[in-house]
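Engineer: Dock the two chains into a complex; use the hints.
Residue numbers (our numbering), protein chains in the order written: chain A, 1 to 149; chain B, 150 to 844.
Don't read these hints as lab results, they were simulated from the structure.
Every value quoted in this text rests on a predicted model; they were computed, and no experiment measured them.
Be a bit skeptical, because a hint or two may be false.
Claimed, not checked - Beta-carbon label-pair distances, calculated as ranges:
{"id": "1", "chain 1": "A", "residue 1": "Ala143", "chain 2": "B", "residue 2": "Gln355", "range": "43 to 49 Å"}
{"id": "2", "chain 1": "A", "residue 1": "Val100", "chain 2": "B", "residue 2": "Glu256", "range": "50 to 56 Å"}
{"id": "3", "chain 1": "A", "residue 1": "Ala115", "chain 2": "B", "residue 2": "Thr480", "range": "55 to 61 Å"}
What the hints assert, rightly or not - Covered stretches of chain B, as calculated for chain A (at least 3 residues, CB under 8 Å):
{"id": "4", "stretch": "317 to 324"}
{"id": "5", "stretch": "655 to 668"}
{"id": "6", "stretch": "676 to 683"}
{"id": "7", "stretch": "726 to 735"}
Unchecked claim - Selected chain A positions facing chain B (in silico; Cβ < 10 Å):
{"id": "8", "residue": "His30"}
{"id": "9", "residue": "Thr34"}
{"id": "10", "residue": "Gly37"}
{"id": "11", "residue": "Val43"}
{"id": "12", "residue": "Leu45"}
{"id": "13", "residue": "Ala46"}
{"id": "14", "residue": "Arg57"}
{"id": "15", "residue": "Leu61"}
{"id": "16", "residue": "Glu86"}
{"id": "17", "residue": "Arg90"}
{"id": "18", "residue": "Trp91"}
{"id": "19", "residue": "Pro112"}
{"id": "20", "residue": "Leu145"}
{"id": "21", "residue": "Ser146"}
{"id": "22", "residue": "Ala147"}
Cβ atoms here follow ideal geometry from the backbone N, Cα and C, with glycine treated the same way.
For reference, the chains in residue letters:
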Amino acid sequence: MTPAELKAKLPAVVAAFRVDDVLIAFSVEHVRETVRGLPFTEVPLAPQAVVGIANLRGHVLAITDARERLGLAPRPGGTPVCVLLERDQRWGGVHVDSAVGVVECPPDRWQPVPATIDEGIRRHAVAVLRGDTEMLVLVDIEAMLSAKD
Amino acid sequence: MNADPEMVEIFLEESREGLEQLNLDLVQLEANAGDQELLDRIFRAVHTMKGTCGFLGFDHLEEITHAAEDVLGAVRRGELRVTADLTTSLLRLADVVEQALNLIAEEGSDEHVDANLVAPLLRTHLSEGPLPQQPEAPVAERDAAAARAEPAHAREASVRVDVKVLDQLQDLVSDIAFARAQLAEEIVGNERMAEPYRRLRQASKQLQDIVMFARMQPIATVLNKLPRIVRDLAQEQNKRVDLTISDKDVGVDKAINELILDPLIHVLRNAVDHGIELPNDRLAAGKTDFGTIDISVTVSGSRVRLTVSDDGRGIDPEALADKVIAAGHRTKAEMAGRTPAEILDLVFIPGLSTASAITKTSGRGVGMDVVRSAAEQVGGTAELRSTPGQGTTVILDLPLTLAIVNVIVVRVAGISYALPQIDVETMVRLEPAEQAEALLNVEDALFLRREDELTPLVPASVIAPKAPPLAGGAVLELVLLRSGGRRFGFIVDQVEDNFEAVVKPLPNVIRGISPYGGATVLPDGRAALILDIGALGRGIDVSAVEAANRGRTTPVAPDLGAPVLLVAGLDDRRNAVLLDEVERLVQVPTSAIERAGEQLVFQYDDRIVRLVDHAGVLTQSSAGALGTPEMANVVICRRGDELVGLAVARIIEIRSGPASWSAVTDSRVSGTSVIDGRVTDLVDLGAYGAAGGPT
Numbered sequence: 001m002t003p004a005e006l007k008a009k010l011p012a013v014v015a016a017f018r019v020d021d022v023l024i025a026f027s028v029e030h031v032r033e034t035v036r037g038l039p040f041t042e043v044p045l046a047p048q049a050v051v052g053i054a055n056l057r058g059h060v061l062a063i064t065d066a067r068e069r070l071g072l073a074p075r076p077g078g079t080p081v082c083v084l085l086e087r088d089q090r091w092g093g094v095h096v097d098s099a100v101g102v103v104e105c106p107p108d109r110w111q112p113v114p115a116t117i118d119e120g121i122r123r124h125a126v127a128v129l130r131g132d133t134e135m136l137v138l139v140d141i142e143a144m145l146s147a148k149d
Numbered sequence: 150m151n152a153d154p155e156m157v158e159i160f161l162e163e164s165r166e167g168l169e170q171l172n173l174d175l176v177q178l179e180a181n182a183g184d185q186e187l188l189d190r191i192f193r194a195v196h197t198m199k200g201t202c203g204f205l206g207f208d209h210l211e212e213i214t215h216a217a218e219d220v221l222g223a224v225r226r227g228e229l230r231v232t233a234d235l236t237t238s239l240l241r242l243a244d245v246v247e248q249a250l251n252l253i254a255e256e257g258s259d260e261h262v263d264a265n266l267v268a269p270l271l272r273t274h275l276s277e278g279p280l281p282q283q284p285e286a287p288v289a290e291r292d293a294a295a296a297r298a299e300p301a302h303a304r305e306a307s308v309r310v311d312v313k314v315l316d317q318l319q320d321l322v323s324d325i326a327f328a329r330a331q332l333a334e335e336i337v338g339n340e341r342m343a344e345p346y347r348r349l350r351q352a353s354k355q356l357q358d359i360v361m362f363a364r365m366q367p368i369a370t371v372l373n374k375l376p377r378i379v380r381d382l383a384q385e386q387n388k389r390v391d392l393t394i395s396d397k398d399v400g401v402d403k404a405i406n407e408l409i410l411d412p413l414i415h416v417l418r419n420a421v422d423h424g425i426e427l428p429n430d431r432l433a434a435g436k437t438d439f440g441t442i443d444i445s446v447t448v449s450g451s452r453v454r455l456t457v458s459d460d461g462r463g464i465d466p467e468a469l470a471d472k473v474i475a476a477g478h479r480t481k482a483e484m485a486g487r488t489p490a491e492i493l494d495l496v497f498i499p500g501l502s503t504a505s506a507i508t509k510t511s512g513r514g515v516g517m518d519v520v521r522s523a524a525e526q527v528g529g530t531a532e533l534r535s536t537p538g539q540g541t542t543v544i545l546d547l548p549l550t551l552a553i554v555n556v557i558v559v560r561v562a563g564i565s566y567a568l569p570q571i572d573v574e575t576m577v578r579l580e581p582a583e584q585a586e587a588l589l590n591v592e593d594a595l596f597l598r599r600e601d602e603l604t605p606l607v608p609a610s611v612i613a614p615k616a617p618p619l620a621g622g623a624v625l626e627l628v629l630l631r632s633g634g635r636r637f638g639f640i641v642d643q644v645e646d647n648f649e650a651v652v653k654p655l656p657n658v659i660r661g662i663s664p665y666g667g668a669t670v671l672p673d674g675r676a677a678l679i680l681d682i683g684a685l686g687r688g689i690d691v692s693a694v695e696a697a698n699r700g701r702t703t704p705v706a707p708d709l710g711a712p713v714l715l716v717a718g719l720d721d722r723r724n725a726v727l728l729d730e731v732e733r734l735v736q737v738p739t740s741a742i743e744r745a746g747e748q749l750v751f752q753y754d755d756r757i758v759r760l761v762d763h764a765g766v767l768t769q770s771s772a773g774a775l776g777t778p779e780m781a782n783v784v785i786c787r788r789g790d791e792l793v794g795l796a797v798a799r800i801i802e803i804r805s806g807p808a809s810w811s812a813v814t815d816s817r818v819s820g821t822s823v824i825d826g827r828v829t830d831l832v833d834l835g836a837y838g839a840a841g842g843p844t
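Pulled out of the complex, with its shape left as it was, chain B reads as follows (with noise of 0.2 Å):
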């Protein structure tokens, strides 16, 4: 029998639906097992499926869901309690109902359904035998119940719309709006058509208004997929999860959910398998035996905000720094002094997994990277918290909307860029006196320091590769951006205005090109390409960033002269070498330094290098001798072909030094300065001749 395509495609489209319900009913009724109105809404789904396949001529597929529904059967009558297996079973037929389907709209018939996949398994339920009888409702006075909640077809009042045309109008939208800024420019000045313009102005405000609304989809449409999955996931690692969402009703632009379905998943997938813990060992935490992941959905603004929290294990960020080192993507002298929270920052690099095992769902490699690329794709921002032993917390904070996003344009050599405004923190204009003291250059990096902080620039031959070269005594004019956690400036002409743009898909030959976004229209009418502020700012060199800000709890000098060693001597007294000078940083055993004369003598690759105690550490620590401590702390440095080594207390740290070193009578020193508020001496290695000692 050949049934009729439309109906076919009707009875398609409403069972997708009702497949989606399905599986998260199933998996709420595992958990209330004696939810009498969720089982019927559940019998009356399968049987309503049953009817209309018997009616198009689907006998495979109505084989199926007989089978299920003489399962239910016995469930309503109490005769079959909801275990896990039968819920697994349940479970695996919506899978093979769903496959159907799919075979279904290929081949407009459900010849190829196996009804054998799942009925037989299905029917194995009934044998298990009927349980005790409770006194209940007889199940005839619950059917008409059930049929009197059968809700009354409220289709009448809306339309199925195909995405297409939802694209097509939003298309349409942006055309009259972009018409009617220019129709703005054009009346300027005619009294006549001040008032239909006005008109038209405000219905298409609003008709943009409605069509943006129309786009908007509940995020429940995603969400409910969820326990679903988190229930299979947990199963296959015999843990126990208890899945909370709260507040789903959200609407937001099906973009928006169309995208973070995927990384959903691979967070509750991550937060399943990695951070919830076997029941044994839960209990043994003082946890309870079942884990709980708990999804709040909170709406801000234009922003709408998703919350994963799990009571798992959570990260331990020294064991994620090891890990990170280990993968070699970062030195461990990159790592060192990182807060938690930075090192956690971590687990967004790509290809870094943490998992410990490789398991079905989640393999080494692809890490939470994913995630944050998702969300910075319509851009929003990924987030990651945890506390070792209490758990980890997923925080992807999103746009509602993507269509029309509020942007700042900029010129930049000579040609305009719309900036999502989202992403904008603040723009500065540095007159050419404040420039001095408000920049700083690092290894040809440049940043911009206010109130200790520095934050890393970008210089606009990221985006125009022909642009000239900063020129001193201009005036500079930058914006402040923030995004994926990272904050930077951009170098920028000027700023020209703000306007909500309409984004348009790139051309196909420029698609692809980082950092180019996306490309908009202009209120004058010109085209102009949306940058992409994350992609922007991953071109930034995060150890360049990350070396300025180690020291950024200390002033910086003012001025930048041949980088140094900072050490500390005998009391914390601070010297300094030139860095240049410096071979390395060794450790050496005290017993092995000898005194030839006034000279200290050790031994250093074959060679004998003089020791140089300028602090006094060696010769005056408390003890008076050599002996103590057990190990000097040596820095090797080269003069011409001869090896020097300065004994110090310890290193401070690696830092630009002084402009110049004010001239001092003491020959053993080249000149002093004042560093981060302290008295430094640049040590004269010179000065110590061969004697070790002042000449």
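One chain only, chain A, in its complex shape (with noise of 0.2 Å):
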């Protein structure tokens, strides 16, 4: 994508989570709710990456732990928030540490992702948003499904 292009589908509403200590954000338009404490079952046989399977009003998806995709310490305890993710018809839940709130940010505020952040949070950013204290990061939603690198 060149840079014109993606900032042409950067969203201009995110939901903003806390993942240890970097701030990630989802697109609303994907996210469908977010649960606490959401039941799983483990699923022993799975990729490192699959926590377990979950019942959503009946359908039955996989959840994946935004720690392990980029490459962060696991939880050290506490009750993980779980973002429910659709995209096309495809649903899935991350595993993050809290919820934040809802950032609006004009397309045109988004920037590349700079080289200088770590190594398994940039291969799964698509751009970030300087704050006042903190930063952004905009996170590619199918890889945050997925349970391959």
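Structural biologist: See below:
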């Protein structure tokens, strides 16, 4: 994608979540809901990225962990928040530490991913938004829901 | 001209249905050339299609159907006889029409349909000249009768529904069922809700039944395709085959219907190619010159059974066994002692083809494994029986519906899984005290011993790699399963529940992981994996099972010690040597055995080897001489660097020895025990010092 194309696809409104010391964002277009402590069932033979499967109103979907996806340390404890994402009718859940809120962002304020951030985060990052104190990382939904790197 | 797309859609759908019937009718007409009713129906079908083509402006297709109508008209007037050639041409027409319909579906016009593909071929039949006239009802009269017989449009009573809608309905029904189960827990003790809930439960159950019913399709949808296929196969092979299909009036889930066509075609190909003999061979074998394939459909409970029988040459278990060995699928030793039925089951080995010649339709390499795996995919089984010279029968046993299965819920390493109940034979609970007697460990494979039968056990670690190893002293819960002709047990923490599970697709990221077969939602709202029992059973080391079961006719010794080779001596007395010491088994010509004083020796591998005749096989045999029998069976044993031969009458088997041997006074014997109810001495080869006799 050229920078222009990329800009055109960048969302104006995102939902932000905390994962370890990183702020990540998904386009609100794909975020269906967030559930704290959604019960899930472990899948021992699944790839490491898969935390388990869960029932969401009769649909069985797989849950991955944003920490694993972004190469961060495992969650030390506490109940994760499950972000339920939908894209092209395919559903999946991603575990994050906590929900931060909805952030409005004019598409032209998104910046390319700087080379200085961790490789684990950078490979799934689409763009960044620099705030006063922190940086918001827009992440690739497909990559977060996938089990492959 | 651009036809109204909606009209074209209806035309395509109706024509495709008509085409299926046409194929069926044409094959039937060949066998019943005089059947006017059948002929009228074929004529009508072609005539209707021609008319609609003209109306919609499909000129090329109209030309094709027109030619067919001319030919069929000539047949009706008795001017043309229904021959195999004519049938082939008419079937070719059906193929071309099908291609044309596909082109129309893609391009919206029949511009690229080539009428020359079949129209001239059809017209050649017209030049075959008229047949002698026979007095018959005037054609005009029959036309009128045919018109009267045209079914009134019964269509008003039904509507077409996209299959996707049915799938969505199915999903919604399961959502409702799930919500209802949750509701049931919430309203416990609430009197005011009891009656509305009862009505909700009833309605949702009925809704579920109706949706399931709506997904049902007559199995005839698939079976009606088969006569044409069998005819084509038979023609290609210059064989004559009569196909009969009994009881097509069975409804199955559309998903099952979609799945069974390919396996059935595969079975029929095998039957026509390799089963049914050429007419002359059949006559020589005292059979009719035409072969018969019979397909029967029977329903029992929620299962449908498709039985495909042919009266061909059958499969010779011995030839099959040779082939299996030659292809390297099994060793000769593994094949020893198998029953013919056990051997026949090996036709389902992946990659095995019993074909001795490669033909267009069934080349090498694709075997019956395709049939079995397709059946197992929907929780069914495939079996084969055969009598050499008389024929082969393949039995497919399938569920009628797919969407909802009865499952039992088991907990394995702390996680709940659903097992389709159809595969569950029974559940077994073993108290610690019973385990020593009921469990058998052979080379790290665990078996359950019940009534002389050994059933392999699948450990929890197969689906839970981090599961702790079996702890002694704990109660053991087993679920005995059966799938694809295999029986095995599965070790679980506990059996939790059973219920009607709505099968959900697996999420993409875990699709394809064996043995996960699907997902479901448990009554308490948790998601759970449904295990594919067939895949679970495939993990079992087959050779270990077979080795263990080969000895099942004799009770197995309760204790397990070092494995021994059991040998028979003179008068069938039993002896044993430790398997660790056995180098190999050889036959030595008795003429090569020499006597040196009291000692017997022979040459083996350029060495002089002492021969121990512990059981007196050589010296005390009836002839009392070395000359008979001509060959001696010798077990060559290694003791340190030295080789010692033990003469035996015959080898009995290799098996686990007892945990301990009782001491005896005989210095040539290191111990004795009772194995399989027989007193058995463990021969002490060391005691036969260099002199070859007891020292």
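Engineer: Each hint needs a verdict: does it hold in this structure or not?
Structural biologist: For each hint, the structure was consulted:
Between Ala143 (chain A) and Gln355 (chain B) the beta carbons are some 45 Å apart, a value that agrees with the proposed interval 43 to 49 Å. Val100 (chain A) and Glu256 (chain B) have their C-beta atoms about 54 Å apart, which keeps the hinted 50 to 56 Å range intact. In this structure the supplied range 55 to 61 Å holds for Ala115 (chain A) paired with Thr480 (chain B), their Cβ-Cβ distance being about 60 Å. Judged by the Cβ-Cβ criterion of 8 Å, the stretch 317 to 324 of chain B is covered by chain A as claimed, because 3 of its residues qualify and three suffice.
Residue count for the stretch 655 to 668 of chain B with a Cβ under 8 Å from a Cβ of chain A: 8. That meets the three needed, and the coverage hint holds. With a cut-off of 8 Å between beta carbons, the stretch 676 to 683 of chain B has 3 residues touching chain A; three or more are needed, and the interface restraint holds. Counting residues of the stretch 726 to 735 of chain B whose beta carbon lies closer than 8 Å to any beta carbon of chain A gives 0, which falls short of the minimum of three for the stated coverage. For His30 (chain A), the shortest C-beta to C-beta distance to chain B is roughly 16 Å, which exceeds 10 Å, and the interface hint is violated.
Residue-level restraint check for Thr34 (chain A) is violated (minimum Cβ-Cβ distance to chain B is 18 Å; threshold 10 Å). Because the closest C-beta pair between Gly37 (chain A) and chain B is about 13 Å apart, greater than 10 Å, the hint is violated. Nearest Cβ of chain B to the Cβ of Val43 (chain A): about 6 Å, under the 10 Å cut. The hint holds. For Leu45 (chain A), the suggested interface contact is upheld, since its CB lies about 5 Å from the closest CB of chain B, less than 10 Å.
The interface hint given for Ala46 (chain A) is met, as the beta carbon of that residue sits about 5 Å from the closest beta carbon of chain B, less than 10 Å. Taking 10 Å as the C-beta contact cut-off toward chain B, the hint placing Arg57 (chain A) at the interface holds, the least distance being around 6 Å. Look at Leu61 (chain A): its Cβ gets to within about 5 Å of chain B, closer than 10 Å, so that hint holds up. Annotation: Glu86 (chain A) was flagged as interfacial toward chain B, and the flag is violated, the nearest CB pair being 13 Å apart, outside 10 Å.
Taken as an interface hint, Arg90 (chain A) checks out: its beta carbon lies about 7 Å from the nearest beta carbon of chain B, inside 10 Å. The beta carbon of Trp91 (chain A) is positioned within 10 Å of a beta carbon in chain B (closest approach about 8 Å), and the interface hint is therefore held. For Pro112 (chain A), the interface hint is violated, since its Cβ never comes within 10 Å of a Cβ in chain B; the closest pair sits about 29 Å apart. Checking Leu145 (chain A) against chain B: minimum C-beta separation of about 7 Å stays under 10 Å; hint holds.
Because the beta carbon of Ser146 (chain A) sits about 7 Å from the nearest beta carbon in chain B, less than 10 Å, this interface hint is met. Satisfaction of the interface hint for Ala147 (chain A) is found here, the shortest Cβ-Cβ separation to chain B being roughly 4 Å, below the 10 Å cut-off.
Checked against the numbered hints above, the structure breaks hints 7, 8, 9, 10, 16 and 19 and satisfies the rest.
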